[in-house]
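Participant: Spelled out from the first residue to the last, the chains are:
Number of protein chains: 2
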Amino acid sequence: MADLETDSGVLRELRALLREGEEEALAIFLKLVRPEDIADWLDELSAEDRRRILAALDEESAGTVLADATPSIRAELLDELSPEEVARIAETMPLDEAADLIGDLEDEEGEEVLQHLGDEDEKALRDLLEYDEESAGGIMNPNVVALEPDATVDDAVARLRTVGDDAVTAAVYVVDASGRLLGVVRLRNLVTARPGARLGDIMERDVISVPVEADQEDVADIVEKYDFLAVPVVDAEGRLLGAVSVDDILDVIEEEASEDIYKMAGSSSAEEESESILHTARYRFPWLLICLAGTQLSTTVMSLFSHRVPLFDQISIFTPAIMAMGGNTSLQSSTTTVRRLALDTLPKNRYPIHVVREILTALIMGLGCGIAEAVVALALGHNPLVGVAVGLAMAMGMSAASLLGASMPLILDLLGIDPAVASGPLVSTINDSLGLTIYFTVATVILMQFG
Amino acid sequence: MADLETDSGVLRELRALLREGEEEALAIFLKLVRPEDIADWLDELSAEDRRRILAALDEESAGTVLADATPSIRAELLDELSPEEVARIAETMPLDEAADLIGDLEDEEGEEVLQHLGDEDEKALRDLLEYDEESAGGIMNPNVVALEPDATVDDAVARLRTVGDDAVTAAVYVVDASGRLLGVVRLRNLVTARPGARLGDIMERDVISVPVEADQEDVADIVEKYDFLAVPVVDAEGRLLGAVSVDDILDVIEEEASEDIYKMAGSSSAEEESESILHTARYRFPWLLICLAGTQLSTTVMSLFSHRVPLFDQISIFTPAIMAMGGNTSLQSSTTTVRRLALDTLPKNRYPIHVVREILTALIMGLGCGIAEAVVALALGHNPLVGVAVGLAMAMGMSAASLLGASMPLILDLLGIDPAVASGPLVSTINDSLGLTIYFTVATVILMQFG
Chain A
136 MADLETDSGV LRELRALLRE GEEEALAIFL KLVRPEDIAD WLDELSAEDR RRILAALDEE
196 SAGTVLADAT PSIRAELLDE LSPEEVARIA ETMPLDEAAD LIGDLEDEEG EEVLQHLGDE
256 DEKALRDLLE YDEESAGGIM NPNVVALEPD ATVDDAVARL RTVGDDAVTA AVYVVDASGR
316 LLGVVRLRNL VTARPGARLG DIMERDVISV PVEADQEDVA DIVEKYDFLA VPVVDAEGRL
376 LGAVSVDDIL DVIEEEASED IYKMAGSSSA EEESESILHT ARYRFPWLLI CLAGTQLSTT
436 VMSLFSHRVP LFDQISIFTP AIMAMGGNTS LQSSTTTVRR LALDTLPKNR YPIHVVREIL
496 TALIMGLGCG IAEAVVALAL GHNPLVGVAV GLAMAMGMSA ASLLGASMPL ILDLLGIDPA
556 VASGPLVSTI NDSLGLTIYF TVATVILMQF G
Chain B
136 MADLETDSGV LRELRALLRE GEEEALAIFL KLVRPEDIAD WLDELSAEDR RRILAALDEE
196 SAGTVLADAT PSIRAELLDE LSPEEVARIA ETMPLDEAAD LIGDLEDEEG EEVLQHLGDE
256 DEKALRDLLE YDEESAGGIM NPNVVALEPD ATVDDAVARL RTVGDDAVTA AVYVVDASGR
316 LLGVVRLRNL VTARPGARLG DIMERDVISV PVEADQEDVA DIVEKYDFLA VPVVDAEGRL
376 LGAVSVDDIL DVIEEEASED IYKMAGSSSA EEESESILHT ARYRFPWLLI CLAGTQLSTT
436 VMSLFSHRVP LFDQISIFTP AIMAMGGNTS LQSSTTTVRR LALDTLPKNR YPIHVVREIL
496 TALIMGLGCG IAEAVVALAL GHNPLVGVAV GLAMAMGMSA ASLLGASMPL ILDLLGIDPA
556 VASGPLVSTI NDSLGLTIYF TVATVILMQF G
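Protein chains in written order, with my numbering: chain A, 136 to 586; chain B, 136 to 586.
The hints are simulated quantities; they were obtained by calculation from the structure and are not laboratory data. Please note: incorrect hints may appear among the correct ones.
Where chains are identical, the list cannot tell them apart; a pair therefore holds if satisfied intra-copy or between any two copies.
To be verified - In silico SDA-like links for lysine to any residue, alpha-carbon gap of 20 angstroms or less: (1) LYS360 / LEU146; (2) LYS483 / SER181; (3) LYS360 / GLU391; (4) LYS360 / VAL145; (5) LYS360 / THR205.
Note that the coordinates shown come from a computational prediction; the quantities given were computed from them, not determined experimentally.
Take the sequences, apply the hints, and build the full model.
Facilitator: See the structure below:
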């Protein structure tokens, strides 16, 4: 893209300036580029260069850069700043972003930053920090334009002139004397309305709002469904507390997708917060230990059958194939199920039919794979009964794997547990021992009966 | 959530109306609810009820319902409609959504729909349908407000009054006589500007636009990075063609996340388009066949060693554990890598250090798991050398798996192939045979040397 190519030319210039070591020239250069671009470039620079850039930025740009930097770089840069410096930067940011920044600090340091803030900001931020980070309260911006129904379009425009860039301006909210949300006037309708019109006359009354404790995923669903630019947030009495704008929703959607993807692999998106190996291992190791404990089941199955099944040497060489095919089938079923739950396209009354569809799909594919594998086994000169056992066990194992893969996320969902964990190491381990048990049982029965 | 609870009450009412069979009452009821909600409810109703609801809706609501319905239900409903009915519905939709709808039809049927449209819409839609569905052109709305620099704020407001709900209104674009994009006036700045001000004087000149052929993922990155409500789309000469609004970007982000997630499991998000089992199997089966072919490698490895390694019976029962731990470690490494590539937080110059970090992380975890597994093997009364071989092979296998898992997505990315396929069945299969080869080689060497 043209835009991205230009970027790298500018990045080359920045590198040259950093080499020359003229901090004043650097500061001037940084004023000419967008802070969002600077945040992008940080990934490609050394820690020392990042520190110099941060020092050369004005507070407002530093705020944008900190908000947009990758988590591990943000943490590194925050370490460089004194609480007073962080406070000065936070004062230029939208309140929701400032709260996120302070929330990232150690409790003690965050407290110091809060004490360096103006009284009004301090109070607003303390309130925001009370809310769960993943709730509507945690992502809302309290800085909204709210007027009473008797105010005119002109009054609203006058108010919009006074609010800063850090306010929500996609809509003007209409509230009663006690702050209860009565209606909304979208910016577009405000532009085209008669300047003297009363807001109470032109507002939409059927306004959709979210409770302050709503989960951010539900807030995202609403903004996405109705194509809103912002959604108002209210307390239990219906009083307007703030609004969540669509740009915050973009972040929520990426965050929730990341969370699901990491969970499906037995880790957590929290591992992005630091580049340290031990930090990463902390999130992944517990899953591997669960998996390791689970593999004892598979080892036990193999061990039990090793003395009982005839031709164990011939039988055992197909165990990797049986396990791999079961694992992949289960992954396909669980992934589809987890994704459809996340996208809300699988209503509860369709759970049973969904599982049946998945099993039938796997059965068809399993028969195809089973026949192919049986032919391979025969072609390799194995005992024909071994071929039959392998083929039959593969078809049965794949069907069982898909039953497990499709139903586990649904069961977890009904229990109120995040279904994404069901695609992870946990289920694949159960799946392995199930597949092996089916295989060795089928092989034992066939070889004993017909061998 | 309060909102969702209300929904289900309304859904109960709808069900009651459907049972009563009064189509007129149904039509009145449907006018009182939001079409976005109707689209949500369709999932939970029978095909016959869905057909009745579609018939009872006015064209504009039907357009929203069709745009928001799940892909398989949209296909089902489109089958019910004549080309003329589809055309009447399409005329009420934003042009980008209408193009998506017509693009979903068979070529012949789409052609018939186009011929039933008004000339202007027909031409605009034919132009849109030329663009790649996943490009800026494929997701843009050509219906934007564009004026020359001499126009005033009042002129812009007058134009905004005349455009329908289906236009992009987040900003007014300023173009020269030949349509070249010169600047942008955000709606917010338009509201607060003096009515007589020239657009040329108040516009932002440093406007970021995207080329019409840009990939939708790059467009999404730009909107997200700069927190835009819309981004203008231009041709090679810089002429304004339309704009992509943030609500379309929300869909792109979910779509791209879905695509990655499905690819990582060896399927495709296209499987959502139909509920048919064969349709689903068509997307999944090729991956399973690749995987099945790959497992022949594992079978060969097992088969070769079965005659050579001492104590094969004892050794082979640990193969599931070796495979499972390698598979999970590789999945953790590849998932992190794929996600960081998707989120653009891994610049090319950091690829080598990323791979090294992943291997070191896996080595630490592998040593932990290897020691634990060796202890288990000894406790179960196996030959001590078998225990040592299992533990050592697990640590080595997990490190190798993470090398493969971290580097494969990067190699694919450098080759211009979507890295998400690297987390799928393909790599897990290579991984299995690699892990087994390491295991049996280590076991053979240890047992031969010290046994």
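Participant: A separate judgement is required for each hint: does it hold in the structure or not?
Facilitator: Against the structure, the hints:
1. LYS360 / LEU146: between (39 angstroms within a copy, 17 angstroms between copies)
2. LYS483 / SER181: between (51 angstroms within a copy, 14 angstroms between copies)
3. LYS360 / GLU391: Result: close both inside a copy and across copies, 16 angstroms intra and 18 angstroms inter.
4. LYS360 / VAL145: This pair counts as between: shortest inter-copy Cα distance 17 angstroms, intra-copy 39 angstroms.
5. LYS360 / THR205: Between copies, since 12 angstroms is at most 20 angstroms while 29 angstroms is not.
Consistency with the previously given hints is maintained throughout, with no hint failing.
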